[in-house]
Amino acid sequence: MLHIAPLSLAGEGLAETPGPRRMTQLIGSSRLPAAVPRPRARLSAWAERHFKWLIVLPAALLILALSIYPLLFSLWVVFVNYDFDIPGHDFVGLQNLSDVVSDPNARSALALTAVLSVVNVAIEFVLGLVLALAMVKTFRGRGIVMSILIVPLFISPVIVGQSWALFLQRPFGPADYVLGAMLGHPVTISWLTESPWYYISIVIADVWQWTPFMFVVLLAGLAAIPPHLYEAAELDGLSTRMTFFYITVPQLAPVILLAITFRLLDAVRLFDVIFMMTGGGPGTATYTASYYLYQVGFQQFHLGVATAGSWIFLVLLSVVIMVLVRRLLRAEKS
Amino acid sequence: MAGSATIPHRIRRRTGADLLRIACLGVFVIFVLVPLYWMVITSIKPTSDYLAVPPVWFPAEPTIVHYTAALFSYRGLDGLLNSLIVASAATVLSTVLGTLMAYSMARFGTGGQHLAFWVLSQRFLPPVAIVLPLFLLFRSWHLYDTHVGLIIVYTFITLPLSVWMMYAYFRQLPRSLEDAALVDGLSRWQALWMVAVPLAAPGIAAAAVFVFVAVWTEFFFALVLTSRHAFTLPTVFRAFLGFQGAQYGEACALATTSLVPSIALGILVQRHLVRGLTLGALRG
Numbered sequence: 001m002l003h004i005a006p007l008s009l010a011g012e013g014l015a016e017t018p019g020p021r022r023m024t025q026l027i028g029s030s031r032l033p034a035a036v037p038r039p040r041a042r043l044s045a046w047a048e049r050h051f052k053w054l055i056v057l058p059a060a061l062l063i064l065a066l067s068i069y070p071l072l073f074s075l076w077v078v079f080v081n082y083d084f085d086i087p088g089h090d091f092v093g094l095q096n097l098s099d100v101v102s103d104p105n106a107r108s109a110l111a112l113t114a115v116l117s118v119v120n121v122a123i124e125f126v127l128g129l130v131l132a133l134a135m136v137k138t139f140r141g142r143g144i145v146m147s148i149l150i151v152p153l154f155i156s157p158v159i160v161g162q163s164w165a166l167f168l169q170r171p172f173g174p175a176d177y178v179l180g181a182m183l184g185h186p187v188t189i190s191w192l193t194e195s196p197w198y199y200i201s202i203v204i205a206d207v208w209q210w211t212p213f214m215f216v217v218l219l220a221g222l223a224a225i226p227p228h229l230y231e232a233a234e235l236d237g238l239s240t241r242m243t244f245f246y247i248t249v250p251q252l253a254p255v256i257l258l259a260i261t262f263r264l265l266d267a268v269r270l271f272d273v274i275f276m277m278t279g280g281g282p283g284t285a286t287y288t289a290s291y292y293l294y295q296v297g298f299q300q301f302h303l304g305v306a307t308a309g310s311w312i313f314l315v316l317l318s319v320v321i322m323v324l325v326r327r328l329l330r331a332e333k334s
Numbered sequence: 335m336a337g338s339a340t341i342p343h344r345i346r347r348r349t350g351a352d353l354l355r356i357a358c359l360g361v362f363v364i365f366v367l368v369p370l371y372w373m374v375i376t377s378i379k380p381t382s383d384y385l386a387v388p389p390v391w392f393p394a395e396p397t398i399v400h401y402t403a404a405l406f407s408y409r410g411l412d413g414l415l416n417s418l419i420v421a422s423a424a425t426v427l428s429t430v431l432g433t434l435m436a437y438s439m440a441r442f443g444t445g446g447q448h449l450a451f452w453v454l455s456q457r458f459l460p461p462v463a464i465v466l467p468l469f470l471l472f473r474s475w476h477l478y479d480t481h482v483g484l485i486i487v488y489t490f491i492t493l494p495l496s497v498w499m500m501y502a503y504f505r506q507l508p509r510s511l512e513d514a515a516l517v518d519g520l521s522r523w524q525a526l527w528m529v530a531v532p533l534a535a536p537g538i539a540a541a542a543v544f545v546f547v548a549v550w551t552e553f554f555f556a557l558v559l560t561s562r563h564a565f566t567l568p569t570v571f572r573a574f575l576g577f578q579g580a581q582y583g584e585a586c587a588l589a590t591t592s593l594v595p596s597i598a599l600g601i602l603v604q605r606h607l608v609r610g611l612t613l614g615a616l617r618g
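So the sequence lines, in the order shown, correspond to chains A and B.
Those letters in the first sequence? Residues 1 to 334, per my numbering, in order.
Those letters in the second sequence? Residues 335 to 618, per my numbering, in order.
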């Protein structure tokens, strides 16, 4: 059964524990003053009362320490000079921000990130849906096919980038030879250094790794559509195409939204594959936002500028997150 | 009459759809396997086969020389050990802390919606937004290039995964057994460890595997926060960038070594895959 459980938090009864538990609490607390007030007992009574907060605390503190602190610290770095080339941390106002905004590399990296994310996610969605539709019925060997299809999800993106680079790039890779044999004439594509093939190589690697994500999530969604809807459609004489558009798509809509949201928010981070396949090159042609910020911060050591850039990236991303998550919640309520 | 006319029509259409289905799946299965096959085969190819035309799809004389070179000359073994240490420790920490938090959220509604979404939002925080201040902090606290530092970061980035997976899991477990345990005089802590955790063991194991795989394959934080000492396996691949010279087989040997454990674990928890991928928002 499909169940989009925790996203429907709002309407759920989050009220305090019902009947029996409250009773033991009452019994416990009324017994306490009578008992010997040993410090140990008092401590355990205190721990018992605040139990629900005590077990949340370690994880909450760790998340606080590693997200809020870096964000606040970096907010300070945005407005000061923080550069390994120039000593001191003088207040520089909006200099770092304007350095990023006026950098053509930053703008093209942001544009490429947006385009690549949309293209990758769109292709992965279509292929994932096709695969999910092909896999929704049982057949002999389905288990093996399933195991093969999910393999890319468990491989480091670094290895994905590397193995595609090896497979595609001349003169080592067999890609050109295979294509040549199939097309009947020699193919001499330089997959990682020739425009537009480096974009295509990056898309191939990303699609290879993440189509299984779409496939697995959409398959779960498809399997959860109640079969009686299809029976009714067949009785009403709907064609396969009408069944798909009037039953499958609307029933699948919340899952589609969920899959695209999760995937898109990961797609915009694209770094590892770039690092391994093109190194941002040729020139700066394949700089993505993450790769640009890494270069500026950790190769050129303009930490202030990189931090300013990462804040701009974060703010832009928050807008996307807000829109998508709000839609997700609305789809959940209806 | 009408019936006998439609039946063959239907049979023909179904077989057509079946063929299309098989074709789609077949093409994609080949697409998935080809680069993996090429990588594994290259890892056992003698150097002289690298540039052969037509390409060598199976070497006449397989060799393991690239494996020994990758592990010992390129410090692949050190990376492997570091990855094992860091991934194991982060898995234990993240699963324990995540299970505790998830239990409180699921049973007592602690923090309500806000806490749950705050944790989830960390999952979508781009690493590049926090890695710079962490880098500076780690340098001043002597955590840079240490196992401890990396373990802390990985515990943090995998907490949304373990918390949300276990949150979904606890919510579907009945609470009546824990209530009975409380009536019997167990403390809440005992009810958690002796009743709820054993019941949730399959979910905890699945969450642990997903955390482990996430850490095992992570690259960005390891790249920025380590250098010569605590570097993990994915960062070793930097040594092979550019593919000049004869490092082709070594890169493939190391990649093959690295993906065996994570793929094995992944196929083991296949049943929980949907929950792992969507952080429990969707149950398979």
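Quick caveat, the hints were computed from the structure, so don't treat them as lab data.
Treat the hints with care, since some could be wrong.
Straight-line distance between alpha carbons at most 20 Å, and here's what the computed EDC-like set of lysine to aspartate or glutamate pairs gives [stated by the list, open to error]: (1) 52(A) / 352(B); (2) 137(A) / 352(B); (3) 137(A) / 231(A); (4) 137(A) / 234(A).
Just the calculated beta-carbon pair ranges, DEER-fashion [as the list claims (entries may be wrong)]: (5) 382(B) / 88(A): 21 to 31 Å; (6) 281(A) / 395(B): 47 to 57 Å; (7) 397(B) / 231(A): 14 to 24 Å; (8) 452(B) / 182(A): 14 to 24 Å; (9) 395(B) / 327(A): 24 to 34 Å; (10) 452(B) / 88(A): 44 to 54 Å; (11) 397(B) / 281(A): 27 to 37 Å; (12) 186(A) / 395(B): 35 to 45 Å.
Beta carbons are placed, not taken as given, at the ideal position from N, Cα and C, and that holds for glycine.
We went through each hint and held it up to the structure:
{"no.": "1", "hint": "52(A) / 352(B)", "result": "violated, 54 Å"}
{"no.": "2", "hint": "137(A) / 352(B)", "result": "holds, 10 Å"}
{"no.": "3", "hint": "137(A) / 231(A)", "result": "holds, 15 Å"}
{"no.": "4", "hint": "137(A) / 234(A)", "result": "holds, 17 Å"}
{"no.": "5", "hint": "382(B) / 88(A): 21 to 31 Å", "result": "violated, 57 Å"}
{"no.": "6", "hint": "281(A) / 395(B): 47 to 57 Å", "result": "violated, 36 Å"}
{"no.": "7", "hint": "397(B) / 231(A): 14 to 24 Å", "result": "violated, 59 Å"}
{"no.": "8", "hint": "452(B) / 182(A): 14 to 24 Å", "result": "violated, 52 Å"}
{"no.": "9", "hint": "395(B) / 327(A): 24 to 34 Å", "result": "violated, 58 Å"}
{"no.": "10", "hint": "452(B) / 88(A): 44 to 54 Å", "result": "violated, 36 Å"}
{"no.": "11", "hint": "397(B) / 281(A): 27 to 37 Å", "result": "holds, 33 Å"}
{"no.": "12", "hint": "186(A) / 395(B): 35 to 45 Å", "result": "violated, 29 Å"}
Hint check: violations occur at hints 1, 5, 6, 7, 8, 9, 10 and 12; the rest are consistent with the structure.
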